[in-house]
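**Q** First to last, the protein sequences are chains S and L.
Anchor point for the first sequence: position 119 equals 119 in my numbering, and the numbering is continuous, going up by one each time.
To get my numbering, take the position in the second sequence, counting from 1, and add 1000.
Calculated directly from the structure, the hints in this document are not laboratory data.
Any given hint could be a false lead.
Across the chosen pairs, the derived CB separations fall in these ranges [claimed, not checked]:
| no. | chain 1 | residue 1 | chain 2 | residue 2 | range |
| --- | --- | --- | --- | --- | --- |
| 1 | S | GLN125 | L | MET1470 | 28 to 38 Å |
| 2 | L | MET1470 | S | ASN70 | 27 to 37 Å |
| 3 | L | GLU1327 | S | THR106 | 14 to 24 Å |
From the structure, some residues in chain L lie toward chain S, with a derived Cβ separation under 10 Å [stated by the list, open to error]:
| no. | residue |
| --- | --- |
| 4 | PHE1060 |
| 5 | TYR1158 |
| 6 | LEU1182 |
| 7 | HIS1188 |
| 8 | LEU1209 |
| 9 | GLY1211 |
| 10 | PRO1335 |
| 11 | ILE1340 |
| 12 | LEU1369 |
| 13 | LEU1380 |
Backbone N, C-alpha and C fix where the C-beta goes; we use that ideal spot for every residue, glycine too.
What follows is the residue order along each chain.
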Amino acid sequence: MTLDETQRATFSVLADVLVPATDQMPAASEVDISGSGLDRVLRARPDLEAPLVRVLADGASSDPTARIRNMQQEDPAGFEALALAATGGYYTEGRVRDLIGYPGQTYDASRVEIPDIDSSDPMLQRVIARGSFYRPTPSNSGEEKRANVS
Amino acid sequence: MVDADDRSGRGESVDVVIVGAGASGSVAALRLARAGFSVVCLEQGGWTDPSAFPGSKLEFELLAPKTWHPNPNVRGRPSDYPCETSDSDVNPLMWSGVGGSTILWAAHWVRMLPSDFRVRTLDGVADDWPFSYEELLPYYQECEKEWAVSGLGGDPAYPDGAHMPLPPLPIGKAGRRAGEGLDELGWHWWPGSNAIASRQYGNLHPCGLRGTCLTGCPDRAKASTDLTHWPAAVEAGVRLVTGARVREITVNGKGLATGATYIDRDGHEHHQAAEVVIVCANGVGTPRLLQLSTSSRFPDGLGNSSGLVGKRLMMHPYAAVVGFYDEPLESWLGPAGQLIQSLHFYETDESRGFVRGAKWQVMPTGGPLGLRAGYGGAPLEDRFGQALHHNLQEQLGRGFEWGLIAEDLPEQSNYVTLDTELKDSDRIPAPKIVYRNSDNTRAMLGFHLARAQEAHEAAGARKTVETKLMRDCGWHLMGTCMMGNDPATSVVDQWGGAHDVPNLYVYDGSVFPTSAGANPTATLAAVALRCVKHLIETRHNQEVPA
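Based on the provided sequences and hints, a complete structural model is requested.
**A** Structure follows, in structure tokens:
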């Protein structure tokens, strides 16, 4: 990846504004967002590199929150790239996924082996009891209804 | 310049050339080859290896909104053609490749209802179809076996209960919670039918509820025709030419189609001669190709004496209400796919201020990045910082979407035409989409959104988020080569045959006279099957070029 150390350091500072620490959750910088996290993002989304280079060009700011607010107004595409890179790197990190209880999109064929509903379900029995409500095919389709809508 | 011979050395004329290897082209190719026809199918894209699909990858949610986006303008693959959409409320969505848009579809398998075929008769609007639900029913049933449809029979919304060949997929905690809401209200609902195998079935493996259907199924459980139809079609003798972008249907002096001219990925032009041409390039690609196929005999495009090629575009405006609940619903689990559906407000009730209706379905809400999409444009403090963690804790795995597929009526002011500036990578004019929602559609969406809010409230939602119209929702491309009995008011007859060109056929969603409020692939496949069976049965009467 072409982002240099200065750009990555700036990314880390800005990412921490978007993804700060809480009592339960680490900040973005605590999960190596500017190293392995950013590498992971850019491998998947090389199209984000150009807007990231653009928004990281000016280096770190003494007020990163104000910098991001300004970016959101003046370069919304750059802001969205920064936000996706920060959150994308963060939520694809194993420790973060464990903390939020998200296993990822996983395959398990045993999930479908036994249907979890059939027509004996009391709720479906009530649907069946309410009966059909479709409009059947008219016996004479030649007699057109004339409505106000055309 | 057209090469004298096909580079493969097999440029001889064939019985049938099919343009497009998507849903309808797949159905046609398989049947024709098995009936002994020589068939070439020209497909501008290529095969997609299921192992390439992003669903099994850690970076799934990063890859999905770009590389595997259903909007070709976003995706920008070499096999895609761009669409000019500045005058459209909705973006058309599609996939160019073997299997067509079934590669990325959600696999909702929904038959239309009897009233959908008699819209003019029953509601006084639009047009009746040239055949009835009952006439199409055996073709639905045959397709359901080919497409590995899983579902629960006995739904009172259908005359015959709509029994499917495979057991239903689980409705999950989210589907059950949604069903409880409608149960409270006394509204119809039923477990969703999906063209996703709940058991090992032919080439398909059983679904494992990965929930990434919309970016291709890495588990080979979803029925896409590259798996369900093409292996058998190729084995039966169909020659499938990938990377073949068709730029013109050619005709002779008698006004008969003579084949298709296409450009390969090396930029060489070829001509595939055929006695019959079947166009299956979807509701945008088909009218585009017919409009490109001009000649002195057909100056306004092929098959266009009615002026309706490209007109009456319908794309099913899609609105949604996502609800968030206190309890965990595991709402990243599939199928996606539909968990349950409701047809309670499907039929016309003119007291609502509009005609026709919408089908509802529950879909899962996905992982942490998918949830973020709902916050686009919100202030910084509502999206990020402490709010990011708070929102995620409240919403991840605790929501589901009531999606609303609204029937839009056919209007000539909604259409596909050739853009005067935008071109694809082969310098062929791109399609321009002109599409606006009508007053009837807006009233319908407003009514259904309000009812979906009520459905979430009845189910105990803590919070709801409404999308009034999703811009990237044009999955269902219909109506642009209307089927009908009168050559003055339709493009093709009830068998897909062009009124103007005796050996030209259209089998895809272009032929739909109306859109219904149902996902169209079940009907599209059944119509294609009905059409191709008729072509096979009447082969000896088929007029062909000398």
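**Q** Each hint needs a verdict: does it hold in this structure or not?
**A** Results of checking the hints against the structure:
Taking 28 to 38 Å as the suggested C-beta distance range, the pair GLN125(S) and MET1470(L) conforms, at roughly 34 Å. Range check, MET1470(L) to ASN70(S): Cβ separation about 30 Å, and the 27 to 37 Å hint holds. Separated by about 21 Å at the C-beta atoms, GLU1327(L) and THR106(S) satisfy the suggested range of 14 to 24 Å. For the restraint placing PHE1060(L) at the interface with chain S, the shortest Cβ-Cβ distance is roughly 6 Å, inside the 10 Å limit, so the hint holds.
For TYR1158(L), the shortest C-beta to C-beta distance to chain S is roughly 7 Å, which falls under 10 Å, so the interface hint holds. Annotation: interface hint on LEU1182(L) holds; nearest CB of chain S at approximately 8 Å, less than 10 Å. Interface hint status for HIS1188(L): upheld, as the beta-carbon distance to the closest one in chain S is roughly 6 Å, under 10 Å. About 5 Å separates the beta-carbon of LEU1209(L) from the nearest beta-carbon of chain S, less than 10 Å, and the hint is met.
Taking 10 Å as the C-beta cut-off, the interface hint given for GLY1211(L) holds, the closest approach to chain S being about 5 Å. For the restraint placing PRO1335(L) at the interface with chain S, the shortest Cβ-Cβ distance is roughly 9 Å, inside the 10 Å limit, so the hint holds. The criterion of a C-beta within 10 Å of any C-beta in chain S is met by ILE1340(L), whose closest approach is roughly 9 Å, and the hint holds. Taking 10 Å as the C-beta contact cut-off toward chain S, the hint placing LEU1369(L) at the interface holds, the least distance being around 6 Å.
A distance limit of 10 Å between C-beta atoms decides the matter here; for LEU1380(L) the minimum to chain S is near 6 Å, and the interface restraint holds.
When held up to the earlier numbered hints, the structure conflicts with none and fits them all.
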